[in-house]
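A.B. asks: Sequence:
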Amino acid sequence: MNVNQSVIEQEKAGEKQYSYLNLGPTHPATHGIFQNVLKMDGEIIVEAEPTIGYIHRAFEKLAERRPFYQITPLTDRMNYCSSPINNMGWHMTVEKLLNIEIPKRVQYLRVIIMELSRISDHIICNTIIGQDTGATTGFLYLFQMRERIYEIFEEICGARLTTNIGRIGGLERDVPQKAWDKIDKFLIDFPIAFKEFSNLLERNRIFMDRTINCGPISAERALNYSFSGPNLRAAGVDYDVRVMNPYSSYEEFDFIIPVGTNGDTYDRFMVRQEEMWQSLSIVKQAIEKVKKEPAGIYSARVPEFCLPPKEEVYNDMEALIYHFKIVMGETEIPKGEVYHCVEGGNGELGFYLISDGGRTPFRLQFRRPCFIYYQAYPEMIKGSMLSDAVITMSSMNVIAGELDA
Numbered sequence: 001m002n003v004n005q006s007v008i009e010q011e012k013a014g015e016k017q018y019s020y021l022n023l024g025p026t027h028p029a030t031h032g033i034f035q036n037v038l039k040m041d042g043e044i045i046v047e048a049e050p051t052i053g054y055i056h057r058a059f060e061k062l063a064e065r066r067p068f069y070q071i072t073p074l075t076d077r078m079n080y081c082s083s084p085i086n087n088m089g090w091h092m093t094v095e096k097l098l099n100i101e102i103p104k105r106v107q108y109l110r111v112i113i114m115e116l117s118r119i120s121d122h123i124i125c126n127t128i129i130g131q132d133t134g135a136t137t138g139f140l141y142l143f144q145m146r147e148r149i150y151e152i153f154e155e156i157c158g159a160r161l162t163t164n165i166g167r168i169g170g171l172e173r174d175v176p177q178k179a180w181d182k183i184d185k186f187l188i189d190f191p192i193a194f195k196e197f198s199n200l201l202e203r204n205r206i207f208m209d210r211t212i213n214c215g216p217i218s219a220e221r222a223l224n225y226s227f228s229g230p231n232l233r234a235a236g237v238d239y240d241v242r243v244m245n246p247y248s249s250y251e252e253f254d255f256i257i258p259v260g261t262n263g264d265t266y267d268r269f270m271v272r273q274e275e276m277w278q279s280l281s282i283v284k285q286a287i288e289k290v291k292k293e294p295a296g297i298y299s300a301r302v303p304e305f306c307l308p309p310k311e312e313v314y315n316d317m318e319a320l321i322y323h324f325k326i327v328m329g330e331t332e333i334p335k336g337e338v339y340h341c342v343e344g345g346n347g348e349l350g351f352y353l354i355s356d357g358g359r360t361p362f363r364l365q366f367r368r369p370c371f372i373y374y375q376a377y378p379e380m381i382k383g384s385m386l387s388d389a390v391i392t393m394s395s396m397n398v399i400a401g402e403l404d405a
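The opening residue of the sequence shown carries number 1 in UniProt numbering; numbering runs sequentially from there.
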């Protein structure tokens, strides 16, 4: 019996025929290396079975063999769309263990860098949603603003994507004047470009028809899956780590938490849109606060744990000794168990650190937002069309580096 005869007999017997389709792991629309095996009824998705781990790099295990300073580059390679937030979240975790008090000016500088990172992260997510619905113009146009942010990072730390920005206790060096000039120019140019992008998509009938009721999830289901960040807020839950568990003096800033109602692709898009405006406001507030603080302070200057400036290392024996001890992991790290979280581009980014007093962590676990909310993806696309599955994934902002770690 050939295949066609088998199909005809099954149809006569009332058995429905399904096809199976691989979405990924190398499909360009997945924006990362992960696979979904889709059970299809025509173009309708009946079931989805995700497979992850294609770029698992065992970061948590690697961290157990690295001094605390050398773990920062690992955090870069999780959500690489907003690396500085990862870097500073890790630094704050170690500072919590060491009980280091960070100067106010350093906290405000961190806020500026983290909020610029958030804008960069959301630019990528929302322009890609537009791209996946056929709106290439906005994607290409707004990316120039992302480039401006990377130029600012380059002035501060010398790197663009995987930044390794900052140090335990603060920053490696003070923010140079050239970076301040680029920040000032960004604050002038970004609102103009972003407003044009918003006008292009926010009330665009084609875009709205493609995204409203696409990949929805209720607040209850989102909480059951432990959602956080924009994906949770789009479902109507106003949870934001910056407000619920403030860090880096976020309690001193005035901003709102945008929330949605349906938890669909359009709500996720709009929440991130408004968050970019709020981040812009926070950056402006932080700059004003920095101006009121004594100039030149960029680190806590705790010599046992914070690297001294290179000029001092070259000319002062005590600074050279501290530099050697810190780099070689010879400083005494107290025993303890801490958890610290920050509001990453995708939600609550947490670091659970156990120290046994050694030169490396006894155990380190990352709370990776992508890994947590990607569990809900099969449920969110069930019953939708294949084209909807693509933009649902884009609107969740699934970053492969953060998913696998």
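It is worth saying that the hints were derived from the structure and are not from the lab. Please note that a few of the clues may not be correct.
[What the hints assert, rightly or not] Computed list of lysine to any residue pairs in SDA-like fashion (alpha-carbon distance at most 20 Å, straight line): (1) 292 x 101; (2) 195 x 154; (3) 96 x 296; (4) 178 x 296; (5) 96 x 225; (6) 382 x 243; (7) 182 x 290; (8) 96 x 292; (9) 195 x 178; (10) 325 x 356; (11) 291 x 357; (12) 96 x 332; (13) 335 x 178; (14) 291 x 382; (15) 310 x 187.
A.B. asks: Determine for every hint whether it applies to the structure shown.
C.D. replies: A quick look at each hint next to the structure:
no. : hint      : verdict
1   : 292 x 101 : holds (19 Å)
2   : 195 x 154 : violated (26 Å)
3   : 96 x 296  : violated (24 Å)
4   : 178 x 296 : holds (15 Å)
5   : 96 x 225  : violated (28 Å)
6   : 382 x 243 : violated (34 Å)
7   : 182 x 290 : holds (16 Å)
8   : 96 x 292  : violated (26 Å)
9   : 195 x 178 : violated (26 Å)
10  : 325 x 356 : holds (18 Å)
11  : 291 x 357 : violated (39 Å)
12  : 96 x 332  : holds (15 Å)
13  : 335 x 178 : violated (41 Å)
14  : 291 x 382 : violated (52 Å)
15  : 310 x 187 : violated (32 Å)
When held up to the earlier numbered hints, the structure conflicts with 2, 3, 5, 6, 8, 9, 11, 13, 14, 15 and fits the remainder.
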